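A.B. asks: Heads up: the protein sequence lines correspond to chains A and B, in order.
Just so you know, we're using the numbering used here here: the first sequence kicks off at 8 and counts up by one.
Just so you know, we're using the numbering used here here: the second sequence kicks off at 8 and counts up by one.
Do not rely on the hints blindly, as some may be mistaken.
Only some residues are given here: those of chain A computed to face chain B with a beta carbon under 10 Å [to be verified]:
hint: 1; residue: 58
hint: 2; residue: 65
hint: 3; residue: 279
hint: 4; residue: 281
hint: 5; residue: 320
hint: 6; residue: 321
hint: 7; residue: 324
hint: 8; residue: 325
hint: 9; residue: 326
For lysine-lysine, the following DSBU-like pairs were computed, each having C-alpha atoms within a straight-line distance of at most 35 Å [what the hints assert, rightly or not]:
hint: 10; chain 1: A; residue 1: 180; chain 2: A; residue 2: 329
hint: 11; chain 1: B; residue 1: 41; chain 2: B; residue 2: 53
hint: 12; chain 1: B; residue 1: 175; chain 2: B; residue 2: 53
hint: 13; chain 1: B; residue 1: 53; chain 2: A; residue 2: 53
hint: 14; chain 1: A; residue 1: 180; chain 2: A; residue 2: 41
hint: 15; chain 1: A; residue 1: 36; chain 2: A; residue 2: 53
hint: 16; chain 1: B; residue 1: 329; chain 2: A; residue 2: 53
hint: 17; chain 1: B; residue 1: 41; chain 2: B; residue 2: 329
hint: 18; chain 1: B; residue 1: 180; chain 2: B; residue 2: 41
hint: 19; chain 1: A; residue 1: 180; chain 2: A; residue 2: 36
hint: 20; chain 1: A; residue 1: 36; chain 2: B; residue 2: 175
hint: 21; chain 1: A; residue 1: 41; chain 2: A; residue 2: 53
hint: 22; chain 1: A; residue 1: 36; chain 2: A; residue 2: 175
hint: 23; chain 1: B; residue 1: 329; chain 2: A; residue 2: 41
hint: 24; chain 1: A; residue 1: 329; chain 2: B; residue 2: 175
hint: 25; chain 1: B; residue 1: 36; chain 2: B; residue 2: 175
hint: 26; chain 1: A; residue 1: 175; chain 2: A; residue 2: 53
hint: 27; chain 1: A; residue 1: 329; chain 2: B; residue 2: 329
hint: 28; chain 1: B; residue 1: 53; chain 2: A; residue 2: 329
hint: 29; chain 1: B; residue 1: 329; chain 2: B; residue 2: 180
hint: 30; chain 1: A; residue 1: 53; chain 2: A; residue 2: 329
Worth flagging that the hints you see were computed from the coordinates, not collected in a lab.
None of these values were measured; they are calculated from a predicted model.
Just so you know, even glycine gets a beta-carbon here, dropped at the ideal spot from N, CA and C.
Chain by chain, the residues:
Number of protein chains: 2
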Amino acid sequence: MAETRFHVLGIGNAIVDVVAYADDEFLVKHGLDKGRMTLIDADRTKALYGAMAPAGESSGGSAANTVASLASLGLACAFVGKVHDDQWGAVFRHDIRTLGVAFDTLLSRGGAPTARCLIFVTPDAQRTMQTFLGACVELGPGDVHENEIAAAEITYLEGYLWDPPGAKQAFVKAAGLAHAAGRRVALSLSDPLCVARHREDFLDLVNDHVDILFANEAEITTLYRVDEFDTALQSVRGHCAIAALTRSEQGSVVVSGDQVHVVDAHVPARLVDTTGAGDAYAAGFLFGVVQGRDLHDCAHLGGVAAAEVIGHFGARPEIPLKQVIAEKDR
Amino acid sequence: MAETRFHVLGIGNAIVDVVAYADDEFLVKHGLDKGRMTLIDADRTKALYGAMAPAGESSGGSAANTVASLASLGLACAFVGKVHDDQWGAVFRHDIRTLGVAFDTLLSRGGAPTARCLIFVTPDAQRTMQTFLGACVELGPGDVHENEIAAAEITYLEGYLWDPPGAKQAFVKAAGLAHAAGRRVALSLSDPLCVARHREDFLDLVNDHVDILFANEAEITTLYRVDEFDTALQSVRGHCAIAALTRSEQGSVVVSGDQVHVVDAHVPARLVDTTGAGDAYAAGFLFGVVQGRDLHDCAHLGGVAAAEVIGHFGARPEIPLKQVIAEKDR
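Taking the hints into account, I'd like the entire structure generated from these sequences.
C.D. replies: So this is what it looks like as structure tokens:
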């Protein structure tokens, strides 16, 4: 096996989040699908941003959030994703590199600007996301390098990558390289609408290529086209080594072979903005996996990480997660 | 008198804030003057940003923050300030215009990018600011228009404008136009180091041109070169119609002719980041002034607005201040 340089390498859409409060009336008026991620074009982005309340900007992107949290926990990480050579791209690069993450994907210099996700946070702390993929559509298999993938214990992929066509090829290439190097592949299903768009592909992936699967209740039931969470849980069992299924305030259920662990949620001090909760959960969980902790502990660590992120605006931890986990990891 | 179109017109540096946590060790290591605003050049900005933790970006600038809060309170406002035609400039424009603020200063197209302020928030919620003025240095008297100034009940100026040379001329022109139109001029002293840099000018201003003065304890004692707050308070009395002097958790003292009002601070639910506390106080206070409230009420409203802003990262209210005031204004 190649020398291990990274605990986790993430591949995902490199996005700057634009976050503001909105009420439910705003969502209805603008036809936004509450709680979901919708892809929008440049014109729609301009119109929606024009209507949006004053916002805060911060680095986002699902896999990138997970990698940032893992680095914040002290793990060695790498990230592959495409930003433009613009001010938002500089913000994205700064925020991930300053955590010590290796991020060397070539900048896009022509074409669309760095991707942005307009996030509308309602008073119930739910987030509704409208994503302009921008430079992310230029990510392709040429951005995935064998030596990097082979050097990572786990290659972590987000389901959202299935949307831009070149990224999907990058995804498949990365999974192949990881397994050829005797490494593990983790996947987050990202969003129920995204699962619905690419259901057959995701079923093949889960059956044949994924060792560790992350999904929430809506995503896993959409994948198996079932109504009941328990039915979906039985369907996924045996198809990948570990499936970590999150259920918001009901905590998470981890399935691995004959084992099923039901783990309580960690109650946050405040519930402000659920953006990034799933990404942080995956980070806490993988932190446990890398350390060889048992699956119950992994799920507990996932819950602690998620609780930090939902206590404030923005998808990434505000204070080093290492500090948070040290206080809460019993 | 000209038709009144604006309750308040603000003139200030148009800045995007870049906010991250830092510990005191970081401040010492990088030679940062805790709690103060320091001007830095492009090279120093690059070096400090490179060392800074992952950050969140949001619109800032002292007078701009005050205007944003006033608009969030439902007042009709205008703002004059210079941003570059870049992504940060677009963020600044969006955030202030979406509140209904008239902001029509011509964009800078050559020269430096939109100004940024690197803000390091320590665990004690204190903020240390490092400002790269960027496009702000291009603001000049040509950006101040008589019809706008004459249409505003109050022209509000930040002391920081004394740093870029052209802005200072814009400031003097605006104050002259406001008084010629029978309007009032308000000034915030901004920062003790800024007061020290321009002390003689500020004394002349306060004596001859300012109707409503905002200053904190460090700023007013620096202005009069005295050790005691009470001595400074006696010095300012009679030099401008109203002086509102803030003392952090000790609340504020308002001096106007023979009247002295000592008003308690409003205790925030949480103390996270004091950035923008003074700007929000000025907004709450001016909101009261415009409504013809008594000075004690004005100071109380200032305290309520400040309490909202220090409860989270970032210098501007996260939820509409109108809502906050409606709940707290007894």
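A.B. asks: Can you name, in rising order, the numbers of the hints this structure does not satisfy?
C.D. replies: Numbers 4, 19, 20, 24, 27 and 30, in rising order.
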